[in-house]
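Visitor: Sequence:
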Amino acid sequence: MGVRAILEEAGYEVVGEAADGEQCLEQVHLHDPDLVILDVRMPPPDGIEVARRLRDTSPRPVVFLTAFGDRDLLEAAAAAGAFGYVVKPVVGSELLAALELAWARWRELAEAREALETRKLVERAKGVLMRRLGLGEEEAYRLLQRRSRNLRRPMRDVAREVLAHDEVVSQRSPREPKGR
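By this note's numbering, the letter at position 5 of the sequence shown is numbered 5, and the numbering carries on one by one without gaps.
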């Protein structure tokens, strides 16, 4: 059974296939797939280069499906940001397991990035509140929490509002009347 058939039988929607690296990049741009399967030694640019470009411009999980299992290629794939590496001949269950694991790792990474971004926003917003209102760190945090609860909005959104307001206030000209 071919790769496409394995994927479709398992419920995946295959949105594109490519004969070479350039065509692959075009297909990714056109269809915006959740996950990309590449061959390490596809016609130029090779799979490693395609994975690098995707990592830098259009991040998503990449799994390599290839006939080449040597250590150097595996290390190059990892350095390019691969989330999985399956050596042919492919067994359907192994491919599907690699894809599920890649997707799970991608989601975990996305959640960690979002949590870090939220933490950074909250820290910056606390700093604004401390500076503008003369609050201590704990008081500023509690104020953000309370506002988040009262508005039933995530802390991330409340922190963004505080930062946006601070930016507007900071940009206001000293000569501009307060009533404006």
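Keep in mind the hints are simulated off the structure, nothing from the lab. From a predicted model like this one, the values you see are computed outputs, not experimental measurements. Quick reminder that beta carbons are idealized off the backbone N, C-alpha and C, glycines included. Please note that the accuracy of each hint is not assured.
Cβ pair distances, simulated, as ranges [said to hold, decoys possible]:
1. GLU161 x ARG71: 49 to 59 Å
2. GLU8 x HIS165: 49 to 59 Å
3. GLY134 x HIS31: 38 to 48 Å
4. ARG119 x GLU167: 12 to 22 Å
5. ASP20 x ARG131: 33 to 43 Å
6. PRO43 x ALA10: 24 to 34 Å
7. GLY16 x LYS88: 16 to 26 Å
8. ARG152 x VAL91: 47 to 57 Å
9. GLY136 x HIS31: 43 to 53 Å
10. GLU26 x VAL91: 42 to 52 Å
11. PHE68 x ARG131: 49 to 59 Å
12. GLU75 x ARG152: 20 to 30 Å
13. ARG142 x GLU117: 14 to 24 Å
Visitor: Determine for every hint whether it applies to the structure shown.
Guide: Each hint, compared with the structure:
At roughly 51 Å, the beta carbons of GLU161 and ARG71 sit within the given window of 49 to 59 Å. In this structure the hint that GLU8 and HIS165 lie 49 to 59 Å apart at CB holds, the actual value being about 50 Å. The hint said 38 to 48 Å for the Cβ distance between GLY134 and HIS31, and at roughly 53 Å that hint is violated. Look at ARG119 against GLU167: about 20 Å separates their beta carbons, and that is inside 12 to 22 Å.
The hinted range of 33 to 43 Å is not satisfied by ASP20 and ARG131, whose Cβ atoms lie roughly 55 Å apart. For PRO43 and ALA10, the Cβ-Cβ distance of about 27 Å falls inside the hinted range of 24 to 34 Å, so the restraint holds. At about 20 Å, the beta-carbon gap between GLY16 and LYS88 stays in the expected band of 16 to 26 Å. Our hint of 47 to 57 Å for ARG152 and VAL91 holds, since their Cβ atoms are close to 49 Å apart.
Taken as a hint, the range 43 to 53 Å holds for the pair GLY136 and HIS31, whose Cβ atoms sit roughly 51 Å apart. Between GLU26 and VAL91 the CB atoms are about 30 Å apart, so this pair departs from the stated range of 42 to 52 Å. Evaluation of the 49 to 59 Å hint for PHE68 and ARG131 yields a pass: the beta carbon distance comes to about 57 Å. In this structure the hint that GLU75 and ARG152 lie 20 to 30 Å apart at CB is violated, the actual value being about 48 Å.
In this structure, ARG142 and GLU117 meet the distance hint of 14 to 24 Å, their C-beta atoms being roughly 21 Å apart.
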